[in-house]
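K.L.:
With the hints in hand, could you dock these two chains into one complex?
Here's the letter readout for the chains.
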Amino acid sequence: MTEPILTTRSLRKSFGALAATDDVSLDLRPGEIHALIGPNGAGKSTLIKQIAGEIAPDSGTIHFAGQDITTKHAAARARLGMARTYQISSVAPDFTVLQNVVLSLVARHHGAFGLFRNVLKDRRLTDAAREHIARAGLSGRERQRATDLSHGERRRLEIAMALAQSPKLFLLDEPMAGLGTEGASELTGLLDGLRQQAPILLVEHDMDAVFALADRISVLVYGRVIATGTVAEIRANAEVRTAYLGEDA
Amino acid sequence: MIPERWLNLGVLTLLAAVPLVASLAGQPFTVTLATKIAIFALAATGLNIALGLGGLVSFGHAAFFGVGGYACGILASHARNYEPLSTWPWDIEGTTQMLTIWPIAVLLGGLAALVIGALSLRTSGIFFIMITLAFAQMLYYFAISWPTYGGEDGLPFYLRGDFPGLNTMDPIQFFGICFALLLAALFTFHRLHRARFGLSLEAARQNPERLRSLGIRPFHVRLLAFVISGMITALAGALYADLNRFVSPAMLSWHLSGELIVLIVLGGVGRLCGPVVGAAAYFLLEHWAGAASEYWQFWFGLLLLGVVLFARGGIVGALAKDHTHD
Numbered sequence: 001m002t003e004p005i006l007t008t009r010s011l012r013k014s015f016g017a018l019a020a021t022d023d024v025s026l027d028l029r030p031g032e033i034h035a036l037i038g039p040n041g042a043g044k045s046t047l048i049k050q051i052a053g054e055i056a057p058d059s060g061t062i063h064f065a066g067q068d069i070t071t072k073h074a075a076a077r078a079r080l081g082m083a084r085t086y087q088i089s090s091v092a093p094d095f096t097v098l099q100n101v102v103l104s105l106v107a108r109h110h111g112a113f114g115l116f117r118n119v120l121k122d123r124r125l126t127d128a129a130r131e132h133i134a135r136a137g138l139s140g141r142e143r144q145r146a147t148d149l150s151h152g153e154r155r156r157l158e159i160a161m162a163l164a165q166s167p168k169l170f171l172l173d174e175p176m177a178g179l180g181t182e183g184a185s186e187l188t189g190l191l192d193g194l195r196q197q198a199p200i201l202l203v204e205h206d207m208d209a210v211f212a213l214a215d216r217i218s219v220l221v222y223g224r225v226i227a228t229g230t231v232a233e234i235r236a237n238a239e240v241r242t243a244y245l246g247e248d249a
Numbered sequence: 001m002i003p004e005r006w007l008n009l010g011v012l013t014l015l016a017a018v019p020l021v022a023s024l025a026g027q028p029f030t031v032t033l034a035t036k037i038a039i040f041a042l043a044a045t046g047l048n049i050a051l052g053l054g055g056l057v058s059f060g061h062a063a064f065f066g067v068g069g070y071a072c073g074i075l076a077s078h079a080r081n082y083e084p085l086s087t088w089p090w091d092i093e094g095t096t097q098m099l100t101i102w103p104i105a106v107l108l109g110g111l112a113a114l115v116i117g118a119l120s121l122r123t124s125g126i127f128f129i130m131i132t133l134a135f136a137q138m139l140y141y142f143a144i145s146w147p148t149y150g151g152e153d154g155l156p157f158y159l160r161g162d163f164p165g166l167n168t169m170d171p172i173q174f175f176g177i178c179f180a181l182l183l184a185a186l187f188t189f190h191r192l193h194r195a196r197f198g199l200s201l202e203a204a205r206q207n208p209e210r211l212r213s214l215g216i217r218p219f220h221v222r223l224l225a226f227v228i229s230g231m232i233t234a235l236a237g238a239l240y241a242d243l244n245r246f247v248s249p250a251m252l253s254w255h256l257s258g259e260l261i262v263l264i265v266l267g268g269v270g271r272l273c274g275p276v277v278g279a280a281a282y283f284l285l286e287h288w289a290g291a292a293s294e295y296w297q298f299w300f301g302l303l304l305l306g307v308v309l310f311a312r313g314g315i316v317g318a319l320a321k322d323h324t325h326d
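Those sequence lines, one after another, are chains B and G. When we follow the UniProt record's numbering, the leftmost residue of the first sequence carries the number 1, and every step to the right adds one. When we follow the UniProt record's numbering, the leftmost residue of the second sequence carries the number 1, and every step to the right adds one.
Bound-form chain G, shown alone (with noise of 0.2 Å):
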């Protein structure tokens, strides 16, 4: 056993190494996955928030993934095209600026999250979980019929979006915006975790009989909890369609959410680098195995299946002491 905090810095420090040795060394297909980790990292630290520390099973945070990328793809292709997303009653134009679209998609994500979450929160346990699977089936098939934005075929848009100062289709340097927000990502998990937020979410998952009698309401605090997550995994939506310079519905599938579920359970429910953990597993095991085997999915559920049931704390668990009580 190993304490935590060497561990995640580990993780993290590997997580920046490699991609930099890579890319050195002329290898972009190598930061690329490198990318692909950091950004589900990220989209699953949005969902550690309320699944790890709220307990709040959402099986629809797909919903907010494809949010945040449809914002990045629609604003992205109205800014190649030169169309302006409306002339009334104001004057919209598309942008290709990363820190313009950020903001609106983690708007977006968060808006998506206060109407789901309250709505889906006053049920708890399976039904809270076909509720928000619910909302993201609907998000999916809207995105389907919706021709304007390519329907089921999805929407291509070429290039990725600006950052000043960097050249972004350059892979470590989009790398490098990726892990960045990463890491803030990770240190908002962390900071709320041991604020006074933290604690009640926290309690709410524990007992929210009990934080009710004490003066605080766990609808409210899970409702922040479940917006907060939101525009996290909305932001990471965000850079997954600036990656692929494509966005799909594929974004809003079930597939996606009951994959970020995977994520964290495989690298530690709760646990701050649970998330990025999980996520490196699972895309190097699908690198590897997939080249090895067509069925390597088979292989992978019975390591999550021995996960589930030999290590609930998943890898981190496994590896480091809980300490979140010191």
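So that you can see chain B by itself, here it is in the shape it has in the complex (with noise of 0.2 Å):
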């Protein structure tokens, strides 16, 4: 088998007396995507903050792309190849769609310290940037500030700005969190095609989406991952339909 590109080993993280995360490892292989599911509160948020480097786990272990990131910061890890999007759509609101492609692209391929050259008026940039513009369905909308997206296309814009990072690893923290049934099925579409890119992490509470996407799904359950396999394995796991689906095995 090929090696893993994502790797957590025996991670722990606790705040006071709950064990947020508790003794979790999982694997992430080349082409796959790896969905993460539980109910509210299993200690998914947390568990993708451990991998994206922004709260630090208490014990355990991370490699990513062949080495070792437990202690790198979040800069860091997205320099290697790590793309992230949030729950909450975050981008730079005062900013264009089109700016903060470009801020993606100047992030993981140059670097904050140019000093003197019109970042908008590079073409090598503003091209590629315009490309995953049109490849995340946000055409037409390049000039309109971040603000003034619906939530839907900030979705977009989140995704794009994460192709602009040409990553190794997509982080996708319920990239379907508030999307209509329609937006969800089209974002569906878009998502199934990236795992040639990179494999996926996907943390999602839109079960159609991620029994449409998963190749893999892992349950977490007051952060310990009760179940890990494929759709069908999951779908037949007593254990899981009592703890998460919801019904009487």
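Hints in this document: simulated from the structure, not taken from any laboratory. Beta carbons are placed, not taken as given, at the ideal position from N, Cα and C, and that holds for glycine. Among the hints, erroneous ones may be present.
Label-pair ranges, simulated between beta-carbon atoms [stated by the list, open to error]:
hint, chain 1, residue 1, chain 2, residue 2, range
1, G, Met138, B, Leu18, 38 to 46 Å
2, B, Ala212, G, Leu9, 51 to 59 Å
3, B, Asp68, G, His220, 17 to 25 Å
P.N.:
Put into structure tokens, the structure is as follows:
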């Protein structure tokens, strides 16, 4: 089997007496969408934050792209090729769509310390940005300020920014949140094509999307992974059905 | 609404033309007033990088203004008295050459900003405002209690620095120097704003967590912005010392830090010519209203209140459309 892109080993994180992450070991292989599901408060976002480097685990290790990144800060992980989207869209609100995506390109490939050249007149950057914007389905909205976008468009902008990072891994924290049925199915189509480019660790509540997209699913309950398997295995798993899918076994 | 570019061009043309005409008409006082406007516009342009682009409300930029001023004053007074600054381990002589004084002032201002910034930028919001204020106050009280260079009384040095080929004691020639440096600073601001650095700095203002998760650490970007900002304000301080041929702890006082913020808020935060418009409005009002009433600052306060409440983009924002996003 090919080497996983991302591996966590025995991650633990407690807030006081609450074990938000309890001995979590999971991996993400090239070309797959690995969905992380679980009831509210199961610790999905806490886990994503540890992988992204926003909070430090109490113990355990995280390996990414062949190196131990457990103690690296968030910006260093991003430069190694980790692209993250947020549960609540997080963009630069006063920037246009184009500026946001150019920012993402700059951060990944050039760094902040260009003091002289006009960044929006650099055709290599803007052309690349427009491609990512088109792929995320936002063509024609390049000059719109992010704050004026609709909720769904802002989600797409986040995807465009993630694409611009040319990542080795996508960390998507509830990308479907707040989208209508139609929006969610459109985004499902978009994410489906993304796995060829880089594997996706997908936190999602929309079960239709999860079952349509995921190659593997891990179920998180009270900070513990209670099951990992294919869609069929998870559907058939009695423990999962009681704990999460809300059925009597 | 007029395009911002035209407004900028108009303002700068006016600032250049009025003293020229006044000089020909034999009105040196007007030239000096315009010089003061240019110098404060320069100082505020420095602050505008930190405050306008980076959202860093520094309440301690007087520190850099004063460092530039004292650098100029100390070097000049040593040169006039033929006393070396130090004899051990190296001989360091004073100088009256502006072309030597400026780089030293800028370097010292940048160094001060690096130290103050490296410590203050670990905080944000009200704490950042207070800690920058505290650092500036430290320098202020240090200057007051340092008798070698005049202490509380300040340090006069009688003649302006020399500039090759110019007579700096001629008001219009000195204005020309200040105006040229203002243009250079505005050009720097403009280029930085549009470059990768400006994009990152503005992103650090709007959403630092996002910038970090894209791979850029906001602290680094802010620190460089703070250093460049301090350098420009220090240069303005050196010019202001030369204008008055006098430095005093007043250049380091918190009034001055507040004044610089007021100039930017009045003119337009983050706008290229916000500091120029703000400085012009402030000092013209001081000149005219100050002659009419001792309490002109009361009326100025009302104006500022109006701007903050009803014209968030300052005077520039009220007159010109924002097209930084075009």
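K.L.:
Regarding Asp68/B and His220/G, is the given constraint of 17 to 25 Å on their beta-carbon distance met?
P.N.:
24 Å, holds
K.L.:
Using the Cβ atoms, figure out if Ala212/B sits within 51 to 59 Å of Leu9/G.
P.N.:
Given range 51 to 59 Å: holds, Cβ gap about 58 Å.
K.L.:
Can you let me know if the beta-carbon spacing of Met138/G and Leu18/B is within 38 to 46 Å?
P.N.:
44 Å, holds
Hint check: no violations occur; every hint is consistent with the structure.
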